[in-house]
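*Asks:* Quick note, the sequences are listed as chains A and B, same order. When the letters of the first sequence are read in order and numbered with numbering that gives the first Met the number 0, they come out as residues 0 to 397. When the letters of the second sequence are read in order and numbered with numbering that gives the first Met the number 0, they come out as residues 0 to 123.
Mixed in with the good hints, there may be bad ones.
Here are the simulated lysine to aspartate or glutamate pairs, DMTMM-like style, with alpha carbons at most 20 Å apart [what the hints assert, rightly or not]: (1) B:51 - B:69; (2) A:312 - B:69; (3) B:111 - B:69; (4) B:51 - A:376.
Since the hints were derived computationally from the structure, they do not count as laboratory data. Owing to the predicted nature of the structure, the values given are computational and were not obtained by experimental measurement.
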Amino acid sequence: MECYFDHVATNPLREEVLEAMMPFLREEFGNPLSVYPLGIKAREAIENARAQVAGLINSKPSEIVFTSSGAEANNFALRGIALARQYEGKHVIVTRMEHHSILNPARFLEKLGFTVTYVNPDKYGFIDPDSIKKAITDETILISVIHASPEVGTIEPVKEIAQIAKERNITFHTDGVATVGNIPVDVKDLGVDLMSMAAHQFYGPKGAGALYIREGQRIIPLIFGGIQEGGRRAGTENVPAIVGMGKAAEITKEELHRKMEHVKKLRDRLVDGVMKIDNVHFTGHPENRLPGHASFCVEFIEGEGMLLMLSAKGIYAASGSACTSKALKASPVLLSMGIPSHVAHGSIVFSFGLENTMEQIEYTLEEFPQIIKRLRELSPYAKGWEGLEEGGTCIQKK
Amino acid sequence: MYTKEVMDHFMNPRNVGEMPDADGIGVEGNPVCGDVMKLFIKVKDDRIVDAKFQTFGCGAAIAVSSMITEMVKGKTLDEALEISKEKVAEALGGLPPQKMHCSNLGADALRKAIEDYKSKKRQN
Ligand code: FES
């Protein structure tokens, strides 16, 4: 049985979305800036998509700027606001829950002379609004807090933090890549100034993202050039991808509640079954989390081994273990939550989508415990972490 | 990303488990990613007659452990000391570049197990 349980990585493209895109990959190839009918068609398609995306997050269409990805939107927001407001202050606040596409631009800003505060979460991966409040200085111009973590599923109190920022005239950005299309997101209700999103997180194409920029918010472009996207993002538009993002947003809006109910049922069943296994810890917030997201740390074994054995059974999941990362470092998110690195080694994440079924969950609940058992038989710590320090010079004991 | 040999040794690891009457034990932690391998050897007339392992680590680390226990069996201690991390990786049909450090784990654990055997022997 094939079970794709890695929806935080990406989602398949929906058939209806592909169909909507096809004409723009074929005969409707016009440049949206052209004045003849081919160009007008392309331009109208983009404006239609803009309205569809705006509809999903309750913004005005004019507040949506299309980008090539969620990562670009994050870069755009951080760098664009920091540069636009640098003469008012040079302090930026982000959290340790952020994606690389926030953390790395933040480090870049430090090189440009900005000061960045990295706020720690609690053990559930939750950012206390008070800890943001405490980090604010007279110099603070920008706060960026992820809406929900793809690694541990925790949903952050973005509305409260946006309020704190607003009272102090600080621009507030949220990375909504993991939430838009997965839970209801209303930018007016949240009160955010900017929000990033990515189409492939809700069954749209890769190569399409967007940044919501509240009307009146000044920002410096990331890509300078022509007048596309109101001069805020130059480059001939990726019309098929944008059309796909719009269509995916429209469909998602209609079916969001059904999807949430569906994936939550699958998630709850999986969590129930997995938590019966010894020495498995649930990571992230128990209730306040993405509905289709389950994350654990399985003690005494390593994540890549689990992924490979699961994959041999047709089950595809993710891990934040050191061995699975290119940098060979345990996920900074897990470490910042206070999970010791040897426990983070056993990180495993399942994320569900519309096409998953209860049969797949039951199948996984048959296979997964056996995989854990097999890997534990190979582990020198099968009976516990005793003696951990004798070999692992770099592993600190619990 | 892994070769057929790596996947085979990972999915069906040879010589797994503890050896209560081991003559030498080597434990090595991997400072790069934090993994640990424990290697047990049984020695007779300066020849390794049996080897077992326990590994807390990635697929490559498990495959390396399994392969090295196969490679040392029947070898004299001097021959076993010649087994380098490159040789283990080669026997596995190669390792991805970012996984080369995992083969260190095996070679170093083996060296420690042999040292452990020798020092125990000296004490007797
Ligand atoms: S042992 Fe950690 S990457 Fe191989």
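*Asks:* Hint by hint, say whether it matches the structure.
*Replies:* We went through each hint and held it up to the structure:
As the CA atoms of residue 51 (chain B) and residue 69 (chain B) are separated by approximately 9 Å, the hinted pair is consistent with the 20 Å bound. A threshold of 20 Å between alpha carbons decides the hint, and for residue 312 (chain A) with residue 69 (chain B) the separation of about 27 Å lies outside it, so the pair is violated. A hinted pair counts as satisfied when its Cα atoms are at most 20 Å apart, and residue 111 (chain B) with residue 69 (chain B) qualifies at roughly 17 Å. About 12 Å separates the Cα atoms of residue 51 (chain B) and residue 376 (chain A), which keeps this hinted pair within 20 Å; it holds.
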